[in-house]
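Residue numbers (this note's numbering), protein chains in the order written: chain A, 1 to 619; chain B, 1 to 619.
Simulated from the structure, these hints should not be mistaken for lab results. A few of these clues could be false.
[To be verified] Calculated cross-link-like contacts (lysine to aspartate or glutamate; reagent style DMTMM-like; alpha-carbon spacing at most 20 Å):
#1 534/A - 588/B
#2 534/B - 588/A
#3 573/B - 304/A
#4 441/A - 588/B
#5 573/B - 588/A
#6 550/A - 610/A
#7 490/A - 522/A
#8 573/A - 587/B
#9 573/A - 619/B
#10 573/B - 610/A
Protein chains: 2
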Amino acid sequence: MLFELDLPRDLRKLTYKELEKLATEIRKYIITVCFQNGGHLAPSLGVIELTMALLRNFDFLRDRIVWDVGHQSYPYKILTDRRDKFVTLRQYNGISGFIAPWESPYDHFAVGHSSTSISAGLGINVARHNTDTWTVVVIGDGSLTAGIAYEGLCNAPQYGKNFLIILNDNGMSIDRNVGALSSYLQKIKVSLKLKNLKGAARVFDKLFKFEETLEEYLFTGGSFFTSLGFEYIGPVDGHDIKLLDEVLKSIRTIKRPVVLHVLTQKGKGWFEAEEDPEKFHGISGPKVKKSENFSSVFGRKLTELAKENNNIYAITAAMPLGTGLKEFQAKFADRFFDVGICEQHAVTFAAGLAKEGKRPVVAIYSTFLQRGYDQIIHDVALQNLPVVFAIDRAGLVGEDGPTHHGVFDIGYLRIVPNMVLTSAPTREHLEALLEWAVNYKEGPVAIRYPRAKASSLEELGIEESVSVEKGVWEYYSSSNDENLENYVPKLDRLEKVRTSKADVVVILEGFFFSRLFKRFIENGWDVVNPVFLKPMDEELLETIVRSGKKLVVVEWHSQTGGLFSAVAEWAAKRGVGLKALSIGIPEEFVPHGKIEDLLKHCNLDTDSIEERIRKWCVE
Amino acid sequence: MLFELDLPRDLRKLTYKELEKLATEIRKYIITVCFQNGGHLAPSLGVIELTMALLRNFDFLRDRIVWDVGHQSYPYKILTDRRDKFVTLRQYNGISGFIAPWESPYDHFAVGHSSTSISAGLGINVARHNTDTWTVVVIGDGSLTAGIAYEGLCNAPQYGKNFLIILNDNGMSIDRNVGALSSYLQKIKVSLKLKNLKGAARVFDKLFKFEETLEEYLFTGGSFFTSLGFEYIGPVDGHDIKLLDEVLKSIRTIKRPVVLHVLTQKGKGWFEAEEDPEKFHGISGPKVKKSENFSSVFGRKLTELAKENNNIYAITAAMPLGTGLKEFQAKFADRFFDVGICEQHAVTFAAGLAKEGKRPVVAIYSTFLQRGYDQIIHDVALQNLPVVFAIDRAGLVGEDGPTHHGVFDIGYLRIVPNMVLTSAPTREHLEALLEWAVNYKEGPVAIRYPRAKASSLEELGIEESVSVEKGVWEYYSSSNDENLENYVPKLDRLEKVRTSKADVVVILEGFFFSRLFKRFIENGWDVVNPVFLKPMDEELLETIVRSGKKLVVVEWHSQTGGLFSAVAEWAAKRGVGLKALSIGIPEEFVPHGKIEDLLKHCNLDTDSIEERIRKWCVE
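With the rest of the complex left out, here is chain A (with noise of 0.2 Å):
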């Protein structure tokens, strides 16, 4: 049926029961999918229902509608006009995984992170006051957890006019969600059992409002929501489809901004999905990777430092099993936080362990720290705190697209004062950096690493073991330097420079070092590992210029305010005269698709980065 139907047009025409069908329907292609390009599984298989509960009662080419996140929008994207384009979903030039306004008229908002939508949604429904449509926003009940939410929230109730925000409890957030509003949900789901009552939906029938009928529930119902202002509606049965059709029928005639509480089940249709909905939250298509990565390095190592350390403290922001932090949590629950995506709170919570001499490791992605950049120069770096920030999917992390690139981290925290920021391109230097951080008394260090396999030492062909020292860089010669008999580590690369024969050094950040190593030293240029990207190796620098190599720098960053540009003002501050190349992410946001994809995108595919080093060189 799916395939034959004018959409959304034809939504309106179908009866329940064939609305049930082409749920079942749509639930099996996203699967298929799904399978087979990776992407956010649980939270679509949820909202079908939901999704054409919408499109029948508002015209989203008129009306307005903000999909918090946006990894559950799929249901909307096939319904909408993206049914056949949809198994190009997360690939390059094809479909996004989350809401892009550059897709489809239907799509009104971009997003990515979460927790924007009630924001967003009261800025497109102010502006469009003297019109008669409406603005709906679908946040889920993880989403709710973040400042931003609740920021929103506090506006909305004297602002908002026609303005439906649709709370989708799936007692998830990304995890298992955490947090006192979490519990709160929690307690009205059970007050409704308490109540004998057999789910929302037949009460629903006779009851506007169950806090206006039900005593009880009025101690434990939306009295969160009604306190702030809203009309609270709730709980309904997510999956009804009859029932929600007559609940959005209803709503459009209350003018006070509504929240309406609706129960979905994450994954919901699918047998594995429902009963791990965290482990498919996301997928990553059929090509499992075996072999290690960044993640799960970190994880293994954190876990070992913490049975030795115990002032080792962990804090993720939502993410136990994206940050590999599930075997610490596992082992030291009592030193584990998960305090929901909650970015802000995860630094200053950090930040206040801290001052009373713990070593708190805050696990979050580059692009999710963003977030927490204030509290990072005002809560952290300004008391000079030793906090350690795990900074994960550092650089380009692939379908996820735009808005999960994260590619500004290094630009953002080397100009906060009192940071210590490195950079982890192998397993080794993973663990060797976080061990050295953990110890690190003197005050915050952040280390990035790559959405990524973790390649060893080995696989690389480097014989020399990790050894951290604070703002030395490493140095590899493609120049046999087997002479070099009086070895000092610290003077040891200043040495290998002037005795290396080879014309060109090239610095490879992050992901580009294991990418690049092996075959830039065969070309016989020299390569230096930038551990330390603040403070920087500005001896080693120096010995560089003086050398008259020609030097590249190629970073896993943005090519503004990176590592390029931490050698260019230092260069310019100490009057060296600075012959470089540039290469790095175009400073532009990258979109979605597979990273071989996206490097051929930027440029930076193996060969291009050869093909623009040789051709710099002869100029």
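Given the coordinates of chain A, work out where chain B should sit on it, guided by the hints.
Just chain B now, kept in the frame of chain A:
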């Protein structure tokens, strides 16, 4: 009495009568010092009794206290160990206007920005779980509007132990309080009045908690807090020291995290401050500058522009007065939004407005805009939405000190794709840039301007008027350039470089432009006004560099990652051998004090800058 006491010890020995007398003395002392040095008068006057009660019931050498924002901590400073030094409040090398752990063992966590206290306090609390000490957080109702406070609230019930949050409810943030939570707290108070209770004090004696006994109260009372899992007590009269004393004593027996709701009067005890607490929230000391400052130029010009353009909306995060938007608010109430201390929401809300064709202008101080960083990237820049950011207080701000200096914004904004970043150093520039910005359709524009008197061009002896062109800088030749007969605006600046006889070209950014312009021109140095920090005037830069003139960059921003850095990055990418001198705010957290003191501290007073330039020129 105050100056005879052994503090804080003797507080426990005084009778309530004596404490009341002491409170009066402290009020007078604070008022005297604030009128001498400037400072946050009203918030501190409101919490004198509360502070005394806290110091009688806790030992803050063992227990911990986090004062939110910290601007209400003057009584605490006086009553702990800074009674005598308090006369140096906000002066260079004197007592900080905020909480400062480097100043006293009684200060446990540095603050300055609002709403961090619950998160920081919780971190401190968790780190001390194995002790029997208490952690007390004092947070105002205004601070509760911010997302991070909510994130803290959601996490505290689960993890807090001996954890007391005092809600210091004065019905104000900095300006009148806004938002849903504020209405909610208001409702609590109204319901009290309806119940014909003469203040909370009397009731409290009889009933420990209202909500357990006053049926009606249940529907509005502390349910916001109890729904999150706190014990809620209150509201109680925050000026009744006896009552506070008893309540705090009782609270120590409660094991679950407690919210104690205290009603205080901002500016209590001083008629003028009481009547107009917003105006006296912070006062600037005796020498009130009569000339127009940048904030008021901004507010006036935006109001003017809004008369002609219905699409202009103004948004402030609890700073209608500070940002100069009072007139706008009065004239265009329906296009004015004070969203509370919600910088994240402010930015995303503006993005929503812009998405629907409006022209939102978001006025936030440089230091506070750090709170909306992710939203700037993810919600505004990614969709390239024409939101205007009016960045007030860019640069050093003086007496408010390290938490408030706005010295990172060039760094964190110039790395954001699509962002246009400008700097307004005079009244006319701010006016012209604002007009240009609200008419610029292609994407976001930020305008940074200092906390300072706005000089006019006339005062600087500049006859040319301002003409804004994207990416074009202004060049002021110290040589007579009347022989430029064919005046071609865009080329003119390049011609000026070529015909100028000066050896030195100084780029003067922000505050430094109006401060140094005349003197440097008289020195025979050419001056550049770098109107667009991004995109920069590369054509002009190249012409200057090629001219062989010595280039100096003086910026009202950190030397790391700022304008000099951008110039160096550009030069290195272009392969231009750059010899340039960087002068700016050193990479450190600059202390508080008068601007002139801070300039000396940073080696940035006029003589020092001049000497640095001269010295560098002969190197």
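Hint numbers not upheld by this structure, sorted from lowest to highest | 3 and 7
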